[in-house]
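Given the coordinates of chain A, assemble chains B, C, D and E with the ligands onto it according to the supplied hints.
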Amino acid sequence: MDAGLVEATNRQKQLPFKAAAGLILLFAVLMVMNFVLNGYYLRIVNLVGINIILVVSLNLTNGFTGIFSLGHAAFMAIGGYTVALLTMPVERKAVYLPDLPSFLAHVYLPFLPSLIIAGLLAVICAYLIGYPVLKLRGHYLAVATLGFMVIINVLIMNFRDITRGNSGLTGLQPYTNIWWTYAVAVITLYVIWRVLNSTYGRAMTAIREDDLAAEAVGVNLVSIKLMSFAIGAFFAAIGGALYGHLLTMVSPNDFSYSMMFGLVVMLVVGGIGSIPGAVFGAVIVTLLPELFLNKLERGIDLLGIHLPQMFGVSQVLMSVAIILIVIFKPKGLLGK
Amino acid sequence: MDVLLEAIELTKQYKGLKAVAGYSVKISRGEIRGLIGPNGAGKTTTFNLLTSMVKSTSGNIYFEGKKITGVRADQIARLGICRTFQNIRLFKNLTVLENVLIAAQIKKKYNFMSVLLSSPSFLREEKHLVDRSLELLETMGLINAKDIKARNLPYGQQRKLEIARALAVGPKLLLLDEPAAGMNPSESTELMGLIRYLRDKFKLTIFLIEHDMKFVMNLCEKIQVLNYGTLIAEGSAAEIQNNPDVISAYLGRAVESA
Amino acid sequence: MLKADNLNVFYDQIQAIKDVSFEIQEGELVALLGANGAGKTTIIRTISGLQKLRSGKITYNGQDISTTEAHKLVRLGISQSPEGRQIFGRLTVLENLQIGAFIKDKKADIGAEIKYIYDLFPALKEREKLAAGALSGGEQQMLAIGRALMSSPKLLLLDEPSLGLAPLLVEKIFEVIQTLKRNNITILLVEQNVYKALEIADRAYVLESGAIKLHGTAGDLLNNSEVKKAYLGG
Amino acid sequence: MSSDYFIQQLTNALSLGSIYALTAIGYTIVYGILRLINFAHGDILMLGAYFAGIIFVQLAMPFPAAIILSMMLAALIGVTIERAAYRPLRRATEETTLITSFAVSILMQNLAMMIFSPQPKKFEIPGFLQTVHTMGNVSFTNMKVLIILLSVVLMVALTIFIKRTKMGIAMRASAENIDASTMMGIDVNAVVRVAFIIGSSLAAVAGLMLGGQYGQVSPLMGFVPGLKAFVAAVIGGIGNIPGAALGGYLLGIGEVLFVGLLPSQFSEFRDAFVFIVLILVLLVRPTGILGIEEDRRV
Amino acid sequence: SGQSNSGETESEGAGDSTIKIGGIFNITGGQASLDQPSLNAFQLAADEINASGGVNGQQIEVISVDGKSDPATTTSAVQELVDVKKVKVVAGLSDSTYVLAAGPIAQQAGIPFITSGATAPEIPDQVGDYMFLAPFGDNIQAYAAADFALNDLNADTAWVLTDTGSDYTLGLAKYFKERYLDKGGKISLEDKYNGASDVDFSAQITRLKNLPEQPKVLFVSAQPDKCGLVVKQLRDMGVDTPVIGGDGYDTPDLVKLGGVPQTNNTYFTTHVSLGNTDGSVTKFVDAYKSKYNKEPENAFAALAYDTMYLIADAIGRAGSDDPTAIRDALLQTDGFKGVTGTISYQDGSRIPLKSVTIMKVDNGNFEFVKEVLPN
Ligand SMILES: Nc1ncnc2c1ncn2[C@@H]1O[C@H](COP(=O)(O)OP(=O)(O)OP(=O)(O)O)[C@@H](O)[C@H]1O
Ligand SMILES: Nc1ncnc2c1ncn2[C@@H]1O[C@H](COP(=O)(O)OP(=O)(O)OP(=O)(O)O)[C@@H](O)[C@H]1O
Ligand SMILES: CC(C)C[C@H](N)C(=O)O
Ligand SMILES: [Mg+2]
Ligand SMILES: [Mg+2]
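Residue numbers (our numbering), protein chains in the order written: chain A, 1 to 336; chain B, 1 to 258; chain C, 1 to 234; chain D, 1 to 298; chain E, 1 to 375.
To be clear, the hints were calculated from the coordinates, so they are not data collected in a lab.
Please note that a few of the clues may not be correct.
[Unchecked claim] Capping the alpha-carbon separation at 25 Å, the derived lysine-lysine pairs in PhoX-like fashion look like this:
no.	chain 1	residue 1	chain 2	residue 2
1	D	Lys166	C	Lys154
2	E	Lys360	D	Lys122
3	E	Lys216	E	Lys186
Extracted from the complex, chain A is given alone in its bound form (with noise of 0.2 Å):
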């Protein structure tokens, strides 16, 4: 939030052919994306594209709320799992999960409602463990949300009888395209930024100054650190079944330690609470080992000179980088 949202109903009369504008834009870009690029390129456009879904909303708890959380990953988990579940055929479940609890197993859902119910249960998750939990602050709230993340993994890697355990749901329908992740990112921006600029996000941010003059001007601050974790919630689930049906598949390891740090990392990278920095962060980090570093660790003829296979190079350049980004730009690369 900037001072600009004074200026936000003004604002809000050219909005519309603004957005309208960049949406045309946008979808002229997808398109012709979607004609030149192989699978390959456009599942990075994917994954960029399903980064920006996650990053934006983890700020908007922990960037604009000031709720240090590290339980994206696991509302990610709810949400992989959900879809996954909903959307399997159900000949297929007879034989793939047989064991599954009859409920599960003769559902077959579109995947469009199936997204809406895991975003929806992802909210439940949310208020359930919110409500004992956002009670703590800072760095217990952190380890609270990553335990609450380790929770989720364990018990998806024991109910084998609906997740497979370790090995996960494999095989799952390829429905993740750019124009299902786009749509979604578009969406997220939009409902992130309408509620960064209306009350709520006003008090949210006013909890991460200070909370305790946030209560003293009335700010609720059980129900409004809730509303900011849910809403979070809802994209990290959608998110995460997006992701699950590029990859085809869900397994607890995807939605562990380092899909979380990850999402951190785009965060800070990019510059905490500021949602193009958000943005921005996700397509970088998304794109620098993916186009770069993983090339060069292959072995590569740079300039005449023949650098041999390196595996782990990319690794150790890609965590130089974040340090020297955070060292020499603290508040992010696009931060204030």
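Chains B, C, D and E with the ligands in isolation, oriented as in the chain A frame:
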């Protein structure tokens, strides 16, 4: 007499120590009341109890005749008791206007759906909130600073902003914890005028803590003196100044009233 | 004893101190006055090495201390009671005082100092074993001053020591300051309580928007009409 | 259930708890001063184990020398990391410092894989440490005895250091308020350095204990114990040294007894158990068992 | 180590002169200890083939990518192999879980995928008709282990400890129990751990020790990085009962990490005995040693080596590098002799029916016990 706030036998026990011990007060509508006492007497704690920022060990609080003991702090604010803090607690990274807007919005009427759709009722309400906040900033003389981040305001203006923010909630009772602290004599004289003006304009009742005796004696119609968590005196400025207990515990010597 | 030449201090882009020069003689009590935000605290922090100088030079007993690290200055005899008190809330009152003597030899006897401070502020003795965070604002202020004295400083920087204190204690603090002066401690005093400060100070500087506006002996300034109008309430 | 059974589980629990406790202390000591969760701590543990192995086997030095030298090397690494990656971020947000330490952790893991190969390596310990004692149905190795004794000795030494020495006092003061500590003449950078030296060298000991107990070292061996130790530190009240030790033992004992006393189908819920305990502790005591309540004074 | 065929020498323009084969391995991260040796051997085989003239007169170009032990990266990497590098065949990976993630990508693109090391027998059915296994299925080796326990060790009571963290260990334990119970054995106790995070098994072992009657054999279904650890902890806590495991044990790490007296009395099923003086085995071991200056770390290296030859064989028989033709030729594979045994994909099954080697650990040495073909 129209009693706005009544506290009966409030007590706050910390481990080894009773910070507030059996404190009672009755404040009538429109009054400016003072609370003084040595450092550590329990003044701030009393404010914390009245605003539910700290849970009382025992005792009861009534506001406009309704019992509000144990009500959550944000609801207390909604009921009309607002405060400032001894150590300024602004939303430092937000602008002056945003600070006020956040407080003003507790009366907003739109719901989540209209936010998403940015419905006409939402826009209308937002505009109304902004207008109301700007008006308040105007009153407080902060209008030119509206887009400055709170952290960048000079200290005196920060104190004023804290008052503005509390006013934006639309309180009936305003609690001020050492509003003149860190101000030089000219600044605190100016503040005195402002507080009187606000009381009249917004029909406020004011309860304040202050160590600046000139300030308290001039402003307050009635003063309570707290020592070791208990009241040792209550009365008009003149009575307090000449009360030997107060002099020995707090004032040191009678203040020459200005 | 302390000499500052053309100090310039910035917070990021914003200049908080503009070409400020002043000096303090050994044994002097100098008051630094100014409205809120004038830059008084910034000057204190700059002298004590907590704030970096953009340009300018500070010498202390002839030694250039412009870039000396803050913790080393304490060993040179510069100590302060900071704005906002900054006491160690989780340590006990006694431990706070002990830490004040951190620079002294481990074996050195600091009992006398502690007793001296308890005599100045009996309230602290009563709360000796209490975590300092539980003290009231005024008690914390006493502790901050007491802690600053524990290192037996030669130059004491006091940033608004009377802030938030009850009248009785304000009197007390000013008495203490005078006692310290008599004991030949050099003091730079920042105060909003302009009248009292000028009563006890030898000289004073008036800061406005980061620059020195006026300076002179305390008596002159007390009678200065500008000072009267701006700081003494007419 | 026989008492042998219980005693056996308890010895298991104590040695695991000792390792957690030593590691947790490192987290806590650094966190206390810098409010930094040093995720790379687990990897320092890993390096400590590798160093000890190399010194003992490749350089054929005596085992006690391996212990001490690996502590020193780990301390050096810890101090270097602090200087290079963390010091510039003293005033950064929680998220920022967290991901920095995470990046450092990834960096160390990958460098270790490149240098030592990703294959786990055998960790040699002197023969007498491998001797198995059996009393009734209870058996344990000398290594386990060493783990428990050495941990206790180190923790007692640390407690004395913190309580009695000036550096200890300086550490407690810096943990509270860095600016104010500077005003007292405390060189906070030196204090931070000491915190990293203590934390890292204890981690090295924990690493070589893990290596000795399980007979192997690998580049990723630090992650899980590091994380558990961190949880232990939080349970105990992060920033609080006795709390870290307490949390470490509680967690070690809780974990082993959870797996040991409940029917085997619960074994897999071990990690969930760890974190459920953590969350429950925090709900009852939001700053851990011995943690001091955060200051919410107005 | 600059391998001649490795990496992207950006020779994509030279296009038709080489046959591109994709190698997907988890070269970094938790899986690296399995996959790095595999990649080495995979490349070694390609070098050998190229040195002897290639296939169909064309050279083989290996394009290997790192899955980083991360399912998302793994699938992304396979997608890149298929879409960008336009490889004709994909091979690699040792862990069934990752194969289940990556396989469908190749399947969708109609590119054959031969896993060098994954052994879960469900894989081909779950992925599709372009998916092949180079090793036998876990059912086969588990059956062999159960038979061996009952008949050769005369152990009719067993303790089963399972790592629930992978398809492989779960499947192996499942098939072992199935066969063991079927043939009249009795399971005294089943216990579990999570290989992804647990390194301390003392609680489970204590529970074992407190069984009223000690089982006669311990079947420990563990991943290679954990089997030595479990055995060591068992012995250190005074349990000397024979241990049986699967092919995950076939790594020098078992002894290195488990310790010498401790690993005695341990048996396992595997693909080949690397200590075998059989010509093809020593040839492989020597070649590996001379190229990488170390012994092949485990049987997965041998499997990957075989996989490359198997692919070359199929391409040769197909006479073209068309993926579908290669797939068809693979299906026809009959009696292909590799280091790890003979591979035939009979009756349309894409899991070879290979004989199982049973090994015994004796003072640190792996000793051949017998070779069986369970039915
Ligand atoms: N959280 C706490 N734990 C323990 N004691 C506390 C706590 N909060 C306040 N106290 C104690 O309660 C007493 C009253 O404190 P309070 O802050 O109300 O004083 P005050 O009258 O506002 O003083 P001042 O004028 O200095 O601000 C003090 O002695 C203080 O030490
Ligand atoms: N950390 C900071 N970052 C940015 N600006 C700052 C910072 N600290 C102080 N300032 C600014 O520098 C100027 C001088 O501040 P300083 O605190 O030195 O004033 P002061 O004279 O001590 O005021 P007061 O009487 O309120 O204590 C002010 O305008 C203030 O807003
Ligand atoms: C390492 C191996 C034993 C892995 C096993 N072959 C699997 O399919 O997962
Ligand atoms: Mg107070
Ligand atoms: Mg100041």
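Check each numbered hint against the structure and report the violated ones by number, ascending.
none
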